[in-house]
Structure formats: structure tokens, C-alpha cells
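With chain A held as given, fit chain B onto it using these hints.
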Amino acid sequence: MSTVFIPAVLRTSVGGVKSLAVDGSSIREVVDALVAQHPALGGQLLTTDGDLNRFVNVYVNGQDVRYLAGLDTPVAPADEVRLLPAMAGG
Amino acid sequence: MSKSYADLLREARAQIREVSADELAALPAGAAAVVDVREASEWEQGYIPGASHVSKSYIEQQIEGIAPDRDAPVVLYCAGGVRSLFAAQTLADMGYTDVASMKGGFQAWKSAGLTFDTPVVLNAEQKQRYSRHLLIPEVGSAGQATLLGSKALLIGAGGLGSPAALYLAAAGVGTIGLVDFDVVDLSNLQRQIVHTTARVGERKVESAKIAINALNPDVNVVLHEEMLVAANVERLIAGYDVILDGTDTFETRYILNDAAVAAGIPVVHASVFRFEGQLTTFIPFEGPCYRCLYPTPPPPELAPGCSVAGVLGVVPGILGLLQTNEALKVLLDMGTTLAGRLLLFDALETEFTELKLRRDPNCPVCSDAAVEARKAGRPFQVDGVNVEAPFLMTGSWGAAS
Chain A
0 MSTVFIPAVL RTSVGGVKSL AVDGSSIREV VDALVAQHPA LGGQLLTTDG DLNRFVNVYV
60 NGQDVRYLAG LDTPVAPADE VRLLPAMAGG
Chain B
0 MSKSYADLLR EARAQIREVS ADELAALPAG AAAVVDVREA SEWEQGYIPG ASHVSKSYIE
60 QQIEGIAPDR DAPVVLYCAG GVRSLFAAQT LADMGYTDVA SMKGGFQAWK SAGLTFDTPV
120 VLNAEQKQRY SRHLLIPEVG SAGQATLLGS KALLIGAGGL GSPAALYLAA AGVGTIGLVD
180 FDVVDLSNLQ RQIVHTTARV GERKVESAKI AINALNPDVN VVLHEEMLVA ANVERLIAGY
240 DVILDGTDTF ETRYILNDAA VAAGIPVVHA SVFRFEGQLT TFIPFEGPCY RCLYPTPPPP
300 ELAPGCSVAG VLGVVPGILG LLQTNEALKV LLDMGTTLAG RLLLFDALET EFTELKLRRD
360 PNCPVCSDAA VEARKAGRPF QVDGVNVEAP FLMTGSWGAA S
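Keeping their order, the protein sequence lines are chains A and B.
Counting in numbering that gives the first Met the number 0, the first sequence runs from 0 upward without gaps.
Counting in numbering that gives the first Met the number 0, the second sequence runs from 0 upward without gaps.
Source of the hints: derived by calculation from the structure; they are not laboratory data.
Glycine included, C-beta positions come from ideal geometry on N, C-alpha and C.
The reader is advised that the hints may include incorrect statements.
Have a look at the derived ranges for each label pair, beta carbon to beta carbon [to be verified]:
| no. | chain 1 | residue 1 | chain 2 | residue 2 | range |
| --- | --- | --- | --- | --- | --- |
| 1 | A | N60 | B | E224 | 43 to 51 Å |
| 2 | B | D217 | A | R10 | 39 to 47 Å |
| 3 | A | D22 | B | A197 | 54 to 62 Å |
| 4 | A | N60 | B | T349 | 18 to 26 Å |
| 5 | B | P136 | A | Q36 | 53 to 61 Å |
| 6 | B | S306 | A | R10 | 13 to 21 Å |
| 7 | A | G61 | B | N212 | 39 to 47 Å |
| 8 | B | Q380 | A | A68 | 49 to 57 Å |
| 9 | B | D184 | A | G15 | 25 to 33 Å |
| 10 | B | P298 | A | G69 | 16 to 24 Å |
| 11 | A | G69 | B | Q61 | 49 to 57 Å |
| 12 | A | G61 | B | T117 | 44 to 52 Å |
| 13 | A | R10 | B | T335 | 30 to 38 Å |
| 14 | A | A68 | B | A71 | 25 to 33 Å |
A partial selection of chain A residues facing chain B, derived with a Cβ cut-off under 10 Å [as the list claims (entries may be wrong)]:
| no. | residue |
| --- | --- |
| 15 | A7 |
| 16 | K17 |
| 17 | S25 |
| 18 | R27 |
| 19 | N56 |
| 20 | G61 |
| 21 | P84 |
Chain B on its own, in the form it takes in the complex:
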């Protein structure tokens, strides 16, 4: 026996419970998974705050990612309340025990004067460029919009900074700042893949900008052609959401750490030596800082840089990409960063080792007492003795030692 649309609708109404817009609005946040089953073009015009979007045509494939628990409440809505009824029947067939459809759909919601959100809409080219991000529920168009609005600062456009610059650009991080005072040397090109043979002799920040914009012209590249020093660090890092430390001197690393802690900006740290690398993420006051890990720098003879000791080219490549992964997680606020963990990489053995890091309760930079002392403009003391920080803070933070 054939059925008409009216027959199907009658059956759906008999099977599926309906809730009104006001009833849905009265539910406490998180009490039910609210799913918008309209087409993407309708969702872009506005949606119920907190709702997830799955077009009706994808409901079977994607609902389990949004509502894994079949006994938890789910409320579907569409534009007028019909498509959501049929989609709800599908969920009932799939074993969902508490599915409702919102009567009157989004039109009823708006008519009731209830608030709605409007998503950031990517243009057609952006939708294509970032389509593989948009397919990941944890990123999606909201996450991509976050990346496009984010600012990442690379200290050093060298071995670590090269892969980071390219992948941050490819990912659509909207603003990438580059700090480097050097020029491209032929000996850099064994690992610094953001530069080219034709650009030997050019300023590194300019060379990196060409590569970044060739990959993704959307990215705003901010050039800081200067050495990061105590006198300019606060100005250089101001306004950035995350910093990738890829410098090759201890002095720069400590100056950056001290200023980033004071400014509350996360720093993704990596360093390399021959076949080995170290990586961690410093999130101010949530985990340890660089001084908690290494209270003082080693003497220069015990810590040769790449220009003296050499490095296998892929090692900064691998570590720089792991840094980028950390930076993207910080920007998108997802997953678990390496805060409180130090990751060691040994390229010869292809071996990763993880060590536990702790905040130093006597840290001269990030401990509560150090912060208090800094704000009061007095030296930080432990047991009545001034703790020397080897590099001085400038500006409003005063001297740390």
C-alpha cells in the first residue's frame, strides 16, 4: 500500500514527542543535545545557541558523533518542524530512546522572540581551502573562524620556525608574527625550508613572508626584523595568543619566558641538538615555566648551538611541527597540551620519552611570591636572600633581581 506525505507526517506525529520553542528554551543548558537538521545555508542565517548542526541527509552518519548515548535526551529542529519529525523517526529506529522534535522549527523560535546565534560564515574559497578542517567536528567552521582570528608569534624564522610558519599559514592562522634579525645563508637551507636558494642573502622575515603568502594569501604576516631583547620583548609579544619559541640562544629563551609569564601568553618551547630534541608547552600559572624546568642557563661551552654542534635537518622539522600541533591546540582550546610534560625525541632510535615537569614553588618568575614581588617592584627573596634572575625585566615589571 502506498502512503502519501500526509500519511507519513501523521505517523511521525503519532510516534515522536514534540516540544515547543518555549519548552526548549526553558531547558537548562546541556540538558539535551539540540541538533539543527536544516541545510548548511539555513544554519548560516542563524541557529539556536548551543545547537549542533547535522543536515537531515547526514543524520544517520553523524548523529553518533554528537549524541553517543542513545538514552540521553535529544531535541531536533528544522525550519518549520517537519524535517525534524522525520529525522527523529530515524533516530528512534537507530535506538535513541528520548528523541523530541521542536514544534514550528526555527521560525517558531524566532517568532517567540528567543535569541539566536549567527555563525561566522567562511567565503566559498575559504570553505574549499579549509574543507578538511571543516569536516572535523572538533574544528568545524567555528574552529576555523577562531584560527582565522588568531595571532601566533614565531621567535626565529629558522629550523623550528620554518615548518611552523608553513603549517600555521596552511591552517589559516590569521596573523603570523615573525621575529628574526638574520639573513638567509646557504647553510640554513639544509633544514630551513621556508627559505629558498634564490633568496640567499635576503632578510629571513621577508623571505618567510613570501613563502607564507604564496601558500596562503589570507594570512597577515607581521615582520619584526630585530633581535628579541629585554628592552623590546614586551612590545614584540603584546597581543599574540600563542608564541612558538624557536630561537637558538639561552638569553633569548629566558627573556621571552619572563615576559610571556608576566603577559600570561602560552609559549610552545622546542630546542634541538644533533639527533635530539626537547619540547613542552608553558602555560603561565597553569603549568611550569622555562625557569621551573631549567633555573639557570648552562655556561656556553656546555651548550653549543646548531651552528657549532650541527643538527640533523629533519630534527627541527619534526620538533617544529610538534610545536605547531601544540599551538593549534592552544588556539582551539582542545585536546591535552604538553603543559607539565617534557617530550624528548631521539631521531637515531626513533624514540620519544616523556618526563614529568613541576612548577617550582620558588620560581623567580612564576611563583606566587615572585609575582607579588614583581608587582610591588621589590626583589624576590627566598629565606631572606635575593634570588638572582640572570636577565632583567624592563618596563612596568621593573627589575627581577
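One chain only, chain A, in its complex shape:
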């Protein structure tokens, strides 16, 4: 299982936890599994067409999946997946 780090702004949608262990061999499978467990995440991560929202970045081991293979980026069991929404607070 890969570890998905949940940023503070999305934590209320996952019961307040900081990270979750999620099964999946691609970002798409990981995101689908996350949304299946925590449906409230769906509207925050995905567009109505099922693509990643452009204001949420997804990183695998520190690399932005937009510059890898997007939702098709492979994920290995030991990988760290990080969801990163934009923040504005100053």
C-alpha cells in the first residue's frame, strides 16, 4: 500500500487523519480508492469529467504527476503520494 499525505485543508473530508494507506498501482487507482473510502474528497480532487482539478497538485515521491503520466502515473507500494491544494493565507 502506498501512503497518501492529506493536507490540513482536506483533512475534514477524511475524518481528520494526516495520512492514509491506500491500495492502487496508478494515481487513478489510488484516487479512486480514496474517493470510495471518503466520498467528500471526490468534489475536491476531481472534475465532473473525472480529471484531476487543476488547483490540486499530486506528487509521487516529490515529483508532480502532471509532468509524469498524470492519472496514469504508476504507484509502487512504498511510494509517498502527496495531495497539495493551493493556499492563500498570509
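Frame of chain A, contents of chain B only:
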């Protein structure tokens, strides 16, 4: 057996190779480390271009910082060519294998009609105020003079802007611009340490100016009591060397990004939420810009600001200081900035995480095609489709969408 000065000088001449001013001038730049061993008061009157300064009395302690390689060529000079001979003997004793002394010293250099530089001289009070900077070779009096001549713009005199304003002022950044339209509220004081209880109700820019000038009266504080919007952004940022983005709305952040890229001004970006912060430095066309990182803003319900979600007071303090560190490096052109890296801070875990950022080849603001389109005054397109930038550029840059 005792030795006279003449004996010592004879021995030094026999041991140390001497070069003439013309020979030194003919060396290609960087071929030798040139070190001025005179006193600081002599150095201030002028020095050989490219030389480093270490007084003879500090030569043993400081030479390794300037010339770490003992087999690389070193040329010393003083005023007349005697002190540099003795200093060269010391270096030879320390194992330097290629040390020379310039014959006739700086007097001979000037007599030969060769050019010299005159350092920016700090006054006595400045030398004391900035002494801990002057002791760092990477800053020194030249770096301090650079800071005194630099202009930094703070967007927001709030949680991030407070530590930045105070430390930029303390560091002697000569001009600090403040953009903020708000007044000090009691609820600001849990983190906005540039303001005070007595100044609740006053304009934030005025309040911050009082604190800045109380710390360092040398600083010229420029007040812009207005909200940064598309119609004024180009005017507000013009002439600044670096911008610290400490606003709390996405709209302002995108407007600032677009205008700063167009003007070629680096922006040090930070944002905070509860226990977390994000930080990076956007250097136009060298690294990604804000739109490369986040192409579009989230809907408001997914991105509450500090006034709605709250923030631990120290988080903007820590992030604002890291912003200031980035700004000083940009101004002094030293070290490695966070350009191309996003630093995440988690106060609960005391954890820093670094993510790799890239320039988006289709960025509607900083990509080559976007710049071309902007200059030609036409919409930027990818695959024949207009790319919408949510906020419009004004003035000579025309509309970006």
C-alpha cells in the same frame, strides 16, 4: 643573534618573488588571488579591481577563507611593497607554494596609471550597526552597500509581512515598500508583530512604518495604502528589486504573479493555513511561476483564509522569515534560492518537505509562446484554443485572455 629591520627585509626579498604593477595588471582576471593587506582605512581610499581585503594583522586567520588552495597563485600588495613581503613570508610558512608580492605596492599601481576601484564607505554608525554582516565575507561592506541600495516590496503588512518588514529593516535594505489597505485590528496582534496594541485602528502601512523606523531609521519606507489590483499592479511594483508576497487572497497572488513575470521581478511566495505553510521563490523565466505551480485558483469554499480557518501565530512568523532569507539571497546574489522547489512546513510535526517544481511549457504567463503572444497583443493559444487566464493584465501588456 638579533636582526635589524634591514636584515628581515633582505631575507624576505630573498625568499619571496616580486611582481611589478604592470605584470599584475597583465594577468588575466582570476589567474591569481589578489589580496590587499593594508589597513581598512587605506583600502577605503581605493583598491586594485578584483582584490580581496585582509589586513596584515589578520592574514593568518583569514587567508584560508580567500585562498583555500595552497598551490594556487596568490599576489599580495600593500601601500609600498614592504608589508606585503612580510605577509607573503607568513603565507609561505603556512604552506602556500606560489606567493608573490607586488613591488612598490598600491603607490606603484597608481603611478603606472592603472585603474582602481573605490569601495562604498559606510559611516561609523553604519559600520557598528551592520558589523555582524561586515564580518561575513559573503556580505562584507560591498554586500551591505548593495542592501542599502536595494528596494524590497512587501505585499501585505500582516502575518508574513511583519517578520519580513522587521528583519529586512534590521538588515539595512534601504527601501522597503508596503502595500496594504487595511487597519490594525486586535485580532491581528496574535501574529502580526510589526503592529502594537496602542496602534489598533491605525492604518497598517503607517503602523509598520513606525516599527521599521524605530528599529532602523536609515530605511526609506514607501507607503502604498491601496489594494493591489490589476489596474495598479504595474505602477506598484515598478522599480523594486524583489517582492515578498504575503497577501491572503488568490486574486491578488495571480495578479501579482502575472505582472511580476512581465516586469521580470523575482517574487518570494509564502502562504499559511493553520499549522502548515508553503514557500518558494519565483524567478521569472529561470524557474516556474505561480501559474506553473497552480494553473487555476480553487473555489473559495476549498481555500479558506486565516480569518476563517485560523492559523498558529508562529507559522506566518517562520514562513515570513524564510521569505526574508530568500529575499536577501536574491538581493545579494548568493547561495541557492528555492526557485524550482516548493518547501512545505508542518508545525505540528516540525517537519519540512521539499517538492520539485517545473516550468509549465504551456504556462499562460511565463511560457515562451505566452510572452510572444502578450507582446504581439493577441490571445495565448494552445492547440488553437484560447487559454483563459482568470485575471486580466492591464496597460501595455494588454489582455491575457
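Hint check against the structure, violated hint numbers in rising order: 8, 14, 17 and 18
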